[in-house]
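Chains as they are written, first to last, in my numbering: chain C, 1 to 114; chain A, 1 to 116.
Hints are supplied without guarantee of correctness; some may be wrong.
Just the calculated beta-carbon pair ranges, DEER-fashion [as the list claims (entries may be wrong)]:
1) A/11 - C/54: 20 to 30 Å
2) A/26 - C/41: 12 to 22 Å
3) C/17 - A/55: 29 to 39 Å
4) A/5 - C/63: 44 to 54 Å
5) C/15 - A/56: 19 to 29 Å
6) A/83 - C/57: 17 to 27 Å
7) C/102 - A/81: 16 to 26 Å
8) C/63 - A/15: 14 to 24 Å
9) A/62 - C/62: 23 to 33 Å
FYI, nobody ran anything at the bench for these hints, they're computed from the structure. Glycine included, every Cβ here is placed at the ideal spot set by N, Cα and C.
Next come the chains, spelled out residue by residue.
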Amino acid sequence: KAGVTQTPRYLIKTRGQQVTLSCSPISGHRSVSWYQQTPGQGLQFLFEYFSETQRNKGNFPGRFSGRQFSNSRSEMNVSTLELGDSALYLCASSTGTGGKETQYFGPGTRLLVL
Amino acid sequence: AQTVTQSQPEMSVQEAETVTLSCTYDTSESDYYLFWYKQPPSRQMILVIRQEAYKQQNATENRFSVNFQKAAKSFSLKISDSQLGDAAMYFCAYRLGGGSNYKLTFGKGTLLTVNP
Numbered sequence: 001k002a003g004v005t006q007t008p009r010y011l012i013k014t015r016g017q018q019v020t021l022s023c024s025p026i027s028g029h030r031s032v033s034w035y036q037q038t039p040g041q042g043l044q045f046l047f048e049y050f051s052e053t054q055r056n057k058g059n060f061p062g063r064f065s066g067r068q069f070s071n072s073r074s075e076m077n078v079s080t081l082e083l084g085d086s087a088l089y090l091c092a093s094s095t096g097t098g099g100k101e102t103q104y105f106g107p108g109t110r111l112l113v114l
Numbered sequence: 001a002q003t004v005t006q007s008q009p010e011m012s013v014q015e016a017e018t019v020t021l022s023c024t025y026d027t028s029e030s031d032y033y034l035f036w037y038k039q040p041p042s043r044q045m046i047l048v049i050r051q052e053a054y055k056q057q058n059a060t061e062n063r064f065s066v067n068f069q070k071a072a073k074s075f076s077l078k079i080s081d082s083q084l085g086d087a088a089m090y091f092c093a094y095r096l097g098g099g100s101n102y103k104l105t106f107g108k109g110t111l112l113t114v115n116p
């Protein structure tokens, strides 16, 4: 099976712009979670989608949003970019059925906001 | 809120030796899972090992094993016969049990260096 893929891998934006990142989960997986990784704050949970519905949400401002499509692919959008949004954005996929199952991470999208 | 603490920002070990990475967590829940993830320079997060809180037996995966002390809320990772490929950032993570909770709470990480 192909792993989790994220596009694009690298992105440079300027303050005030918006950006959309994409995550394609492993085939058959219906849950996609998003994380932000920065040197200062570490890894922080953004949100999780399951069957096109947001099931869990972290503590981020409304500028961060996401959605999931019927094929389980997910996108996250950040509007009105700030310098502090520069980070590695990771997504993770799983079947979504709970329990001890493993979440598989993608390679990440590195976003630089200038 | 659950918190995960890794008190060792950096550790080093000689190739073929054993090293233990520490992790403590805080939770009032009884049903949860604990994980160790590895993040090499490529930045791809890879699951190393996981532990179910309801299991008393410590998990092992080849050269990797954990020491899970539930009462002390401690979850350390032991790497035996360290290899150069083990060099990476290691993250301890917590996840609440239940069917619909997929939020992982991570520690700040421990950077492991393996010396030849």
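Hints, verified against the model:
no., hint, verdict
1, A/11 - C/54: 20 to 30 Å, "38 Å, violated"
2, A/26 - C/41: 12 to 22 Å, "18 Å, holds"
3, C/17 - A/55: 29 to 39 Å, "48 Å, violated"
4, A/5 - C/63: 44 to 54 Å, "29 Å, violated"
5, C/15 - A/56: 19 to 29 Å, "52 Å, violated"
6, A/83 - C/57: 17 to 27 Å, "39 Å, violated"
7, C/102 - A/81: 16 to 26 Å, "24 Å, holds"
8, C/63 - A/15: 14 to 24 Å, "46 Å, violated"
9, A/62 - C/62: 23 to 33 Å, "44 Å, violated"
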